[in-house]
Amino acid sequence: MRFKDIIKTVFLTEIIKGMALTFRSMLTHAVTRQYPEEKRPAMPGFRGLHALMRDPRTGEARCVGCGLCAAICPSQCIHVYTADSVEHKKIVERYEIDVLRCTFCALCVEACPFQAIALTEHYEYADYSREAFYMTKERLLENYDKYMGWEKDKEYFRRFWHPVARDFTGYEEQPVFRPEMRSGQGR
Amino acid sequence: MKFFEIIFGPGSFDLFLNLLFIIIKIAVVIGVVMFHVAYATYFERKVIGHMQVRLGPMRVGPHGILQPIADFMKLFFKEDIIPAEADKPLFYIAPVISVLAALSSLAVIPFFEGFVIADINIGLLFILAMSSLGSYGIILAGWSSNSKYSFLGGLRSSAQVVSYEIAMGLSLVGVMMLSGTLNLTGIVKAQEAYPLGMFLIPQIIGFFVFMIAAIAETNRSPFDLPEAESELVAGYFVEYSGMRFALFYAAEYIGMVVMSSIAAICFLGGWNGPFKIPYVPFAWLLIKVYFLIFLYYWIRATLPRYRYDHLMDLGWKVLIPLALLNIVVTGIIKML
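In order, the protein sequences belong to chains A and B.
First residue of the first sequence: 1, per the numbering used here; consecutive thereafter.
First residue of the second sequence: 1, per the numbering used here; consecutive thereafter.
It cannot be assumed that every hint is accurate.
Unchecked claim - Computed list of lysine-lysine pairs in BS3-like fashion (alpha-carbon distance at most 27 Å, straight line):
| # | chain 1 | residue 1 | chain 2 | residue 2 |
| --- | --- | --- | --- | --- |
| 1 | A | K4 | B | K317 |
| 2 | B | K25 | B | K276 |
| 3 | B | K74 | A | K17 |
| 4 | A | K90 | A | K4 |
| 5 | B | K78 | B | K88 |
| 6 | B | K88 | B | K148 |
| 7 | A | K8 | B | K317 |
| 8 | B | K189 | B | K276 |
| 9 | A | K17 | A | K4 |
These are computed hints drawn from the structure, not numbers from a lab.
Just chain A, with the same shape it has in the complex (with noise of 0.2 Å):
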């Protein structure tokens, strides 16, 4: 051992050191959040609570029944019942989610050619029980008028679920092999 390492040993450099620093974290703020008084507010484009999108011009839903987000879910938590109505039109007669079942992964959301279901940036529907999260074609509706509403709707689509070949790049500089294929240039 050299002169030096018996020096740190005796002295106990390391652990002094290593004692600094926890005393210097306590004079630090701390980072915890105080949940329910302290709310986090969610990212946009945050995937929460699910919505039935509603037509800005009759209020009614924009879904026509195509069953493509049924379709699409990896979970298979969608469920969609069309009928034939009186002028022999097709009616979305039943529209149900398995909020319990679903991942959040949208692809619903990109699936649906009339932008008919979106993800809201509500998070917080802890309930007792399961049938609170089951969600009916009347919940779902309800959920757009509490959480999504025509001026983040608009927004909505528009931001985040309008997919562009930048959005799936990286920054400015990072290496590419196709240059030319940087920042939706070959889109």
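Based on these hints, arrange chain B on the given structure of chain A.
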């Protein structure tokens, strides 16, 4: 007064008064120390929390100030589970031994000039004896629970306490040599002639060895092998619950308070300070004890647990030779 003299003979009233006075003193000391123990748990959680950039308890009362009371209520009303295979009598008395040994050491600690329950001439020896008796509680708890984790915890604890006892005793020998007494009040008085009014400077090695041995004696991190959570669940008190668990917990914290007081009295000058604080004769002792308890938390928040063989190495190959060297050096200086 007459009544007493008639029934119990002459002079019995003074005896009775004396006894009453001692009992009141004991009640006061136990009350104050138990209060400190309760809030030591709270401040430990707070200090370690802030060192880990957390907040610690925040829910019960403002900033969680009532947390110890809530904890006590919970432990008091919790079901007292006794394992079917346990050695019942030993299982019952183990926590009592633990807490009793810890509390009796308080009897000889002088909190300020003239305030000590038992001003005996072997005070320091009594403390050492009591701290080793406390490990009986731990070993018996480990044995009687009839569980492999608590048994391993008990074994580790006994080995650890036995080896660190030696270093601790030897580190205090220097203090005894300088002060020429084992009476704790005498030790504090003897320190008044030394620089800063404490033995810290002539006995720096002794203080160092004592502090490490004290942490190991009280089974605190980084020497908390008897209750190493990651290996032994909770160590020797795995099978305990409710009030019996609380007794072990209290014993650990009383041990911390006692060890900090001993360090403050033997090395840091006890109730004497750089200047007198009026009306609060125990203020300096309190400040020193608080600092040392904070040191316990600080070390716990900083250092990881020792490996078992490293622990034994440190005890036998470093601390005991250091303490012996300290005795030799102190002796030579004293002779000159």
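To see whether the hints hold, each was checked on the structure:
{"no.": "1", "hint": "K4/A to K317/B", "result": "holds (21 Å)"}
{"no.": "2", "hint": "K25/B to K276/B", "result": "holds (24 Å)"}
{"no.": "3", "hint": "K74/B to K17/A", "result": "violated (39 Å)"}
{"no.": "4", "hint": "K90/A to K4/A", "result": "violated (85 Å)"}
{"no.": "5", "hint": "K78/B to K88/B", "result": "holds (19 Å)"}
{"no.": "6", "hint": "K88/B to K148/B", "result": "holds (17 Å)"}
{"no.": "7", "hint": "K8/A to K317/B", "result": "holds (18 Å)"}
{"no.": "8", "hint": "K189/B to K276/B", "result": "holds (15 Å)"}
{"no.": "9", "hint": "K17/A to K4/A", "result": "holds (16 Å)"}
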